[in-house]
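With these hints in hand, go ahead and build the complete structure from the sequences.
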Amino acid sequence: MVTGAAGFIGFHLSIRLLEIGDKVIGVDNLNDYYDVNLKKARLAILQNYNDFSFIEMDIANREDMEYLFRQKINNQPNELSKPNSLNKSEQAYDIVVHLAAQAGVRYSLENPHAYVDSNLVGFVNILEGCRHGKVKHLVFASSSSVYGANTLMPFSVHHNIDHPVSLYAATKKANELMAHAYASLYEIPCTGLRFFTVYGPWGRPDMALFLFTKAILEGESIDVYNHGKMKRDFTYIDDIIEGIIRVMDKIPQPDPRWRGDSPDPGTSFAPYKIYNIGNNNPVDLMEFINVLENCLGKKAKKNFLPIQPGDVPATYADVDDLMKDVGFKPDTTIERGIGKFVEWYKEYYNIYND
28 MVTGAAGFIG FHLSIRLLEI GDKVIGVDNL NDYYDVNLKK ARLAILQNYN
78 DFSFIEMDIA NREDMEYLFR QKINNQPNEL SKPNSLNKSE QAYDIVVHLA
128 AQAGVRYSLE NPHAYVDSNL VGFVNILEGC RHGKVKHLVF ASSSSVYGAN
178 TLMPFSVHHN IDHPVSLYAA TKKANELMAH AYASLYEIPC TGLRFFTVYG
228 PWGRPDMALF LFTKAILEGE SIDVYNHGKM KRDFTYIDDI IEGIIRVMDK
278 IPQPDPRWRG DSPDPGTSFA PYKIYNIGNN NPVDLMEFIN VLENCLGKKA
328 KKNFLPIQPG DVPATYADVD DLMKDVGFKP DTTIERGIGK FVEWYKEYYN
378 IYND
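Going by this note's numbering, the first residue of the sequence shown is number 28, and it counts up by one from there.
Misleading hints may appear alongside valid ones.
For lysine-lysine, the following DSS-like pairs were computed, each having C-alpha atoms within a straight-line distance of at most 30 Å [unchecked claim]:
| # | residue 1 | residue 2 |
| --- | --- | --- |
| 1 | K67 | K241 |
| 2 | K351 | K258 |
| 3 | K277 | K329 |
| 4 | K277 | K161 |
| 5 | K373 | K326 |
Hints listed in this document are in silico derivations from the structure and should not be mistaken for laboratory results.
Computed from a predicted model, the values in this text were never measured in an experiment.
What follows is the structure, given as structure tokens:
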């Protein structure tokens, strides 16, 4: 099961899984946080695969989620098998990759309840489904936002993360804590992935690259926060997907070295693990914009603004654990990644150079 299958990361992950021969049940509520047509366009591609089934469902709906985890899915869009067709001791899903969430730092200032409904209530429903559905491995999306007010770089999964600076970050930290509780109580293997500024084709329209590209091509100014003095560990979508795929097969085991008198936040006595997936190479925001300008062949009009509430000036991922455990380190350059995004953007929106 892939939740958030019509979303940016869920779409790319589902395609990759289907192409390597897995059966995928995609779950998404197709909400209007951003352009629903983009989500439907992603979904239309996924539905070309015979081994993909789609269920339109809100993970915050407890009754629907309980039902979903009890059922085997027919290979037909939007269909659940007949009630009670699955024995309670039988597994409906081998692995659940939970990517559905209310995303965005700034939007959490406007609509906090959306984050409680999706990221907290929805996540409990996922955990309960995995518990009763005897799921072998839950892989869930966390975020680099959890590092909050931390300034020790690079950010390590072994650092304390007790000082979030946005509600979004707080809900993601809560997900990690909730997953750990279930791993401890019910021995559900859980792996949390802290993604660092994901970008690439089919990306989210509320993210900087999408917003900048649209504005530059339309001759509008772009908002550059903290007067451009920002660094981000921009991570290309293909690297994110490769990391997820490898981690899915790495079922966490209790760490015998873990000690309660000196607790390590990155591991546990329970079957629980956290990884960063980031490029391990922070890039200045102004350099990022310069590369985009070069790819577009057009200069941006820049509107320099103060840093926004909930934002942090820099992110930088320590990926040592990812390399050690699954032998992978993201390495796509922003020149290549932004170039690929611009190619997709122009094709998707039928934009042709003069």
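**Violated hints, by number in ascending order, as checked against the structure** = 3
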